[in-house]
Amino acid sequence: MKESIQNNTAENQAIKAEEISEAHVESGVNTAPEKITNKGEERFNQISSSISGARERVSSWVKRGATGLGRLFKGAAIGALSAPEATGAAYKYAETKVNNFDKAVGEKVENIGEVVGYKLAEGASFVEGVAVSSYEFTADKAKQAKEFVKTKGEQASNYANEKIDLAKAVGSLAKERTVEGLQSVGNKLSNNFESTKKYGKSAIETATLRAWYARDAFNSKMNSIKKSILERKAEMQNEKLQQTLSKLRQMETVGNLEASMAA
Amino acid sequence: MNIQELRDFFIASDYSSETKTVLSGILADKTEVTPGVISQVKDILQKELDADFKELGVDIEGNEEAQMAQKEYNDTLVSIEKDLAEDMNLVEKELNELEEVRKTVSKISDEMEADKIRQSI
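Each protein sequence line maps, in turn, to chains V and P. When the letters of the first sequence are read in order and numbered with our numbering, they come out as residues 1 to 263. When the letters of the second sequence are read in order and numbered with our numbering, they come out as residues 1 to 121.
Hints may be right or wrong, so weigh each one.
[Unchecked claim] Incomplete in silico selection of chain V near chain P, CB under 10 Å:
#, residue
1, K163
2, I164
3, K168
4, A174
5, Y213
6, L241
Source of the hints: derived by calculation from the structure; they are not laboratory data. Where a beta carbon is used, it is the ideal one built from N, C-alpha and C, also for glycine.
With these hints in hand, go ahead and build the complete structure from the sequences.
Here you go:
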């Protein structure tokens with residue numbers, strides 16, 4: 001359905017009312033956010049399972065460090081890997097990775113912020129002047145979007161800091177080679193795995209939220225268009241028609257309730 | 001409007017008894033009106049409205065606004081899916097890099113153990 005609409009040429013872009021209604025009623029519209037969520041979850045699970053056991057391996061390795069190396073004394077023969085230049089290179093490599101990630105996430109947050117902002121502005125004008133649900137979209141969504149961008153920014157910053165800590169700990173371990181250092185790196189690495197997974201989960205929630213907003217805006221717009229059509233109908237005394245208009249007003253009341261909660 | 005007032009509002013509304021039953025079920029265990037509750041309620045109401053529009057033969061064929069709205073919605077969903085895929089790629093890349101760090105540190109750990117053995121000889 002979606003593809004067929006997108007592929008239409010300019011000449012035959014007239015979309016059949018039945019097609020839109022069917023898509024709307026039969027899940028083309030109403031289940032789209034759920035489909036996006038499921039798709040994200042599926043991909044995330046694939047990624048997670050592909051590295052499954054990593055955290056467990058880290059844990060066992062920390063444990064091994066604590067017990068097997070218990071008698072290791074500080075200042076033991078260090079070995080080739082701890083040469084200053086090797087340590088410096090490893091640290092630099094890790095630091096570069098951190099900076100790259102920080103930059104990538106920063107850009108992503110900026111992009112998402114722009115997209116949400118754009119959609120909000122678009123959504124506001126989209127329903128401006130329309131009686132049905134115009135108010136419900138703007139106030140609540142603006143508040144949520146602001147919170148969302150703030151949260152994403154904090155997440156990115158926290159994650160970058162965690163990776164910097166990890167890089168420093170790895171650099172120190174390569175140089176000092178202590179059991180405490182090994183355990184510290186193990187804990188930090190474990191936390192980093194957890195944070196990355198949280199980021200993935202958060203991305204799914206974000207996509208779901210955006211899809212919900214889009215669906216709200218779409219439903220509001222379609223309701224307003226259809227309401228206008230109903231109001232223009234000659235047979236305004238038709239009971240069903242009057243009843244539907246009444247239902248639309250009641251839907252609007254629910255929308256206003258949502259907006260008043262956000263105010 | 002509190003949760004009880006919301007229940008009363010729907011009982012007195014024009015929505016069908018079937019919809020009211022579904023709404024009652026949704027609101028039964030709720031103690032307050034939250035955005036999540038409202039979102040669920042709106043989904044249910046929208047289904048009945050869509051059925052009404054269909055029954056009343058609301059014709060939006062050739063309606064440019066409706067076409068634009070449909071296209072806008074489709075484009076937005078495509079954009080959301082694209083962003084989500086990018087996010088997942090980033091997560092995958094990060095996890096793989098962390099796995100590399102883990103291997104590196106694991107190697108250091110092994111060498112520390114080897115040193116310990118050498119020391120004990």
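Right, here's what the structure says about each hint:
{"no.": "1", "hint": "K163", "in the structure": "holds, 9 Å"}
{"no.": "2", "hint": "I164", "in the structure": "violated, 13 Å"}
{"no.": "3", "hint": "K168", "in the structure": "violated, 12 Å"}
{"no.": "4", "hint": "A174", "in the structure": "holds, 6 Å"}
{"no.": "5", "hint": "Y213", "in the structure": "holds, 9 Å"}
{"no.": "6", "hint": "L241", "in the structure": "holds, 6 Å"}
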